[in-house]
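A.B. asks: Each residue of the sequence shown is one higher than the one before, counting from 116 in the working numbering.
These are computed hints drawn from the structure, not numbers from a lab. One should not assume that every hint holds.
Below, in silico cross-link-like pairs of lysine to aspartate or glutamate (DMTMM-like), each with a Cα-Cα straight-line distance of 20 Å or less [what the hints assert, rightly or not]: (1) K201 / E174; (2) K274 / D295; (3) K210 / E253; (4) K210 / E237; (5) K393 / D356; (6) K274 / E237; (7) K349 / E337; (8) K168 / E199; (9) K350 / D435; (10) K373 / E394; (11) K271 / D236.
Pair ranges (Cβ atoms, derived) [what the hints assert, rightly or not]: (12) D288 / K168: 17 to 27 Å; (13) Q270 / L129: 48 to 58 Å; (14) K250 / L170: 15 to 25 Å; (15) F371 / R458: 30 to 40 Å; (16) H292 / K350: 45 to 55 Å; (17) Q270 / S454: 20 to 30 Å; (18) K128 / K350: 50 to 60 Å; (19) H279 / Q313: 16 to 26 Å; (20) N386 / H279: 23 to 33 Å; (21) D295 / N330: 36 to 46 Å; (22) K250 / N310: 13 to 23 Å; (23) K188 / Q270: 14 to 24 Å.
Only a predicted model underlies this, so the values are computations on that prediction, with no experimental measurement involved. Backbone N, C-alpha and C define an ideal beta-carbon position, used for all residues, glycine too.
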Amino acid sequence: MRSHPDDAEKYAKLKEGLAVKFPEDILQYCNGKDAFVASIDAKDGFDGWRIVKALTDREWSAVRNLRQQYFFKSKEDPYTWTFEHKDHVHFVFYKNAEIIGYAHLHLWQGHRAALRIIVIDERYRNLGLGSQFLKLCERWLGHQGFKTLLVQSSQKAYKFYCNHGYVQMPFNDPDGHETDSQDIEIGKSLMTKKNRPQISIYIAMSIDGYIARKNGGLDWLEYGHTGDEDYGFKKFIGSVDALVLGKNTYEVVSSFDKWPYEGKKVIVLSNTLNEVRKEAELFCGQLTDLASMLHSEGIKRVWVDGGITVSKFLEAGLVDDITISVIAMVLGSGIPLFSTMNREHKCRLISTQSYPSGLVQLKYEVPHDS
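Model the full assembly from the supplied sequences, consistent with the hints where possible.
C.D. replies: Encoded structure:
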C-alpha cells in the first residue's frame, strides 16, 4: 500500500471508520503495531531483508540517527525538509526486525533518479548487505518506471558502484546542489528487456583479440574463407531491425561501393560528426535514451558494432548476447575488440561452432541481475 495510493486511500478510510467505532482499541493498535510486527518477525525467526519507505516513528528515528551519525556528524542536517517532499523517498533497510541501513532517493523528471545517500550500519558491513540494499532500491525504481539511477560517488565508494554496473555518466543535477569536487559522476541503466529492444553484439576478431588493423584494414577477415559459407550472418541480419555503429565503423562501411545495410535503420554514435549519409541517423546522447527511443519505435532487436561502441553498451548494462567469430589469424597489433572497462562482465557460453576455414564462432548470453 505504500506504493499504491488508491489502495492506501481505501485502507485509510477503513481505519477511519474503525477509529470512530472502536477509538480505544484503534489507538492501542496504532501505537503498538510497529513493535508488535517486529516482535513477531523475531519470534518467527525471520532472517531476511526488506526495504520500506520510512513511515513509523521508529523508522524516522533510525533515518535521523543514520544520517547524523554517518554524514552530518555534529552539524545540523540541512535536508530534513526532504522528509515531507514528494520527490524524495527515504528507505530503511531491515535485517530481520532490525533497521540496519538507510537510503535517500531523489526522483527527477525524464525517468531519472539520484541516489543521494545509501549507508549500512558499520556493525553489518562487509557482509554483502550493501549490495542487497542497492539492488532493492534499483528494483523499486525500475518498477516505478525509472530508467537511470545516478550517483555522485566518493573516491572511496567508486569501486563498489563499478562492481554493480555503474559507469561514468553526467549527473546533471536539475537543482544544482553543491557537491564535493572530488566526487565522480556515475550512473546505471535500470532498463530491462521489457522496455528496450534486445541488444546484440555480433563481431569478428583475430586470435589475439583485434577487430581491425591499426589503419582500420579488414582484408584479413577473408583468411581461409572459401565457398559460400556466411557463418550464420544472413540469419542474424534477418533477425535485426536496427544497427548502432560507432563513428569509425560507420566511416569504414561508408567507403564500401554498396551500402551494406539496405532496409535497416542505422544509428551512428558520434560527438564530432555534423551529418551522415541519408541511409543513417546521427545520435549524440545517453545510450539509455537511445534504447528507449528505439523501443518506442517498435524496434525488437539491435545490432551494436564497433570496438568502443560495444564496450560502452556493455558497460551500460544494455547488452543481452554476444557472438564472436574468431578468425584463424594472429595480427600482432591493431584495434582491440574491447576498450578498457571499469568492471568485469560475466557471460554464459551458449554454443560453439567451428568451420573448415578455421573460424570458430562463440555465442554468449550476458546475464542481468534480476
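A.B. asks: Each hint needs a verdict: does it hold in this structure or not?
C.D. replies: These are the hints, each one checked on the structure:
no.	hint	result
1	K201 / E174	holds, 18 Å
2	K274 / D295	holds, 18 Å
3	K210 / E253	holds, 18 Å
4	K210 / E237	holds, 14 Å
5	K393 / D356	holds, 17 Å
6	K274 / E237	holds, 18 Å
7	K349 / E337	holds, 17 Å
8	K168 / E199	holds, 12 Å
9	K350 / D435	holds, 18 Å
10	K373 / E394	holds, 12 Å
11	K271 / D236	holds, 17 Å
12	D288 / K168: 17 to 27 Å	holds, 23 Å
13	Q270 / L129: 48 to 58 Å	holds, 50 Å
14	K250 / L170: 15 to 25 Å	holds, 22 Å
15	F371 / R458: 30 to 40 Å	holds, 35 Å
16	H292 / K350: 45 to 55 Å	holds, 51 Å
17	Q270 / S454: 20 to 30 Å	holds, 23 Å
18	K128 / K350: 50 to 60 Å	holds, 59 Å
19	H279 / Q313: 16 to 26 Å	holds, 23 Å
20	N386 / H279: 23 to 33 Å	holds, 27 Å
21	D295 / N330: 36 to 46 Å	holds, 44 Å
22	K250 / N310: 13 to 23 Å	holds, 18 Å
23	K188 / Q270: 14 to 24 Å	holds, 19 Å
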